[in-house]
Amino acid sequence: METFLFWIFAIVGVGGGIMVVFHRNPMSSAIYLVVTMLCLAGFYALLAGPFVAVIQVLVYAGAVMVLILFVIMMLNLREETLQREGGMATWILAGLIGLVLVVAVLPPFPRTPAGTPPPEFGTIEAVGNKLFTMYMLPFELTSVLLLIGIIGAVILAKRRML
Amino acid sequence: MFLDFVIVLIKAGVVLFALLNLAALLTWAERKQSAFMQDRIGPNRANVGSITAGGLLHIMADGIKMIAKEDFIPEGAHRVLHTLAPAAALFPALVVFAVIPFGDVLVIGGKEIPLQVANLNVGILYIFSIASLAVYGTMLAGWASNNNYSLLGGLRASSQMISYEVSMGLSILGILMIYQSAQLDVIVREQGQLLLGFIPKWGVVLQPVGFFLFLAAAVAENKRTPFDLPEGESEIIGYFVEYSSMKFGMFFLAEFVEVVIVAGLVTTLFFGGWQFPYLQADGFHWPFEAGVWHLPHLLVTLIQVGTFCIKVLLWCWILLLVRWSLPRFRYDQVMRLGWKMMLPLALANLLVTAVIVLLVT
Chain A
1 METFLFWIFA IVGVGGGIMV VFHRNPMSSA IYLVVTMLCL AGFYALLAGP
51 FVAVIQVLVY AGAVMVLILF VIMMLNLREE TLQREGGMAT WILAGLIGLV
101 LVVAVLPPFP RTPAGTPPPE FGTIEAVGNK LFTMYMLPFE LTSVLLLIGI
151 IGAVILAKRR ML
Chain B
163 MFLDFVIVLI KAGVVLFALL NLAALLTWAE RKQSAFMQDR IGPNRANVGS
213 ITAGGLLHIM ADGIKMIAKE DFIPEGAHRV LHTLAPAAAL FPALVVFAVI
263 PFGDVLVIGG KEIPLQVANL NVGILYIFSI ASLAVYGTML AGWASNNNYS
313 LLGGLRASSQ MISYEVSMGL SILGILMIYQ SAQLDVIVRE QGQLLLGFIP
363 KWGVVLQPVG FFLFLAAAVA ENKRTPFDLP EGESEIIGYF VEYSSMKFGM
413 FFLAEFVEVV IVAGLVTTLF FGGWQFPYLQ ADGFHWPFEA GVWHLPHLLV
463 TLIQVGTFCI KVLLWCWILL LVRWSLPRFR YDQVMRLGWK MMLPLALANL
513 LVTAVIVLLV T
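Residue numbers (the working numbering), protein chains in the order written: chain A, 1 to 162; chain B, 163 to 523.
One chain only, chain A, in its complex shape (with noise of 0.2 angstroms):
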């Protein structure tokens, strides 16, 4: 069952991950991207991470993906407008790069299945419970970080105000 289900995300998400880049239309690649989202959330959940996971949804697909489909929405591109881009040069470059990429991240993978995890592994207690002892400095870092970005944008809205 979990391994049908691995396929169905992976086939599902790297189609998804490829049509973003070779579709023309910008709305169409955003709402690919929200598929590949959509599929992350499901390998955390079947890494027995559920909290990941619909971090994952809420986060990505729930809120930044929206994001990106208002400016979209707001820039109201037409596909006949859109140039074509790069000529033979950037697909060669763009192609050796993610070969580059590919070979730089797959050694690290584990040749070995993991073992089950924990029962409470990836729950919200435990997952809570690592972000405030061991890891309590980079949670309340990227707090100060977000609460930059709000007032950032609370003046950039004034200011287009006065």
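Keep in mind that the hints are not guaranteed to be accurate.
[Said to hold, decoys possible] Distance ranges between label pairs, derived from CB positions:
(1) A:E140 to B:A510: 20 to 28 angstroms
(2) B:P370 to A:L47: 35 to 43 angstroms
(3) B:V210 to A:A48: 51 to 59 angstroms
(4) B:V267 to A:G17: 39 to 47 angstroms
(5) B:F374 to A:M19: 39 to 47 angstroms
(6) B:M497 to A:L47: 35 to 43 angstroms
(7) A:M19 to B:A249: 49 to 57 angstroms
(8) B:Q442 to A:V21: 54 to 62 angstroms
No wet-lab data here; the hints were simulated from the structure. Just so you know, even glycine gets a beta-carbon here, dropped at the ideal spot from N, CA and C.
Got chain A sorted already, so can you dock chain B onto it with the hints?
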């Protein structure tokens, strides 16, 4: 293993069946309710021979009409996304109910069956994450129709939904703190306890402010009056103006399914879910040690499921009453209410709850 799979399938089937049929019934209830409140008769013409069933046949008539009408995609519209949008609107509404428990554990022949489709550790967060996907239906419908009015309607709808998601999330955090869990079955079970020996420990008793905030935010998410300005069926044009046939029907159905969802959530989080006051697993435990009235397990389960259904129906009806009682907000009023009144109130409620929980435990 196979048996478990079948049980889950049956539970999912029962929940979806009840959800869709209740939503369909609500279309009739809404029209009858509005007619009653406006001193009219309401739908009464659809008939088979001389049978009208109090207008209930209108549900069938509407369904047939929707399916039989021409399915129209306007010129210049994005065909795929235009078709995808109604599905994207209906899908989140249909899957949210999976985590809402409609009864306690049912034991048949030594096999324990929790009366909940999926018991997730992240229950409440699952609801939020799925609810956050609901905005795609409106955005895509607004954009893909190639109509500036529907685009504006889509923007109105999605900015309203995003704004009220914040207050909705914060209003429930108090419940999470008090019951110390995000699992909905645990939350409901905790609500079976008593305060001072006789008051049921329901969410609304401990979190009255959270309850009102949640109710208001949920109605706003649902885009129904007084927050129905994304559609504004009588004056302004909404995001689904370019939809016809069953695609429009799906938006319409999604709205009524969401009514049931809101009723289910309010019941589960604030009104004790399937808890009947003083009813425990083995029968009624009357307060002040007034004795125990033992009941068989099946009867207790039946009462609990029945209690849940009645509470949900009651809340559906209250939501219909709200729909036909209040006038519509203006757009700036909606935004001001959401960001400048409900959000600070939700934050204050959160802070006070946190301090009290910290002092008590």
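Exercise. Which earlier hints can't be squared with this structure?
Worked result: Violated hint: only 7; rest satisfied.
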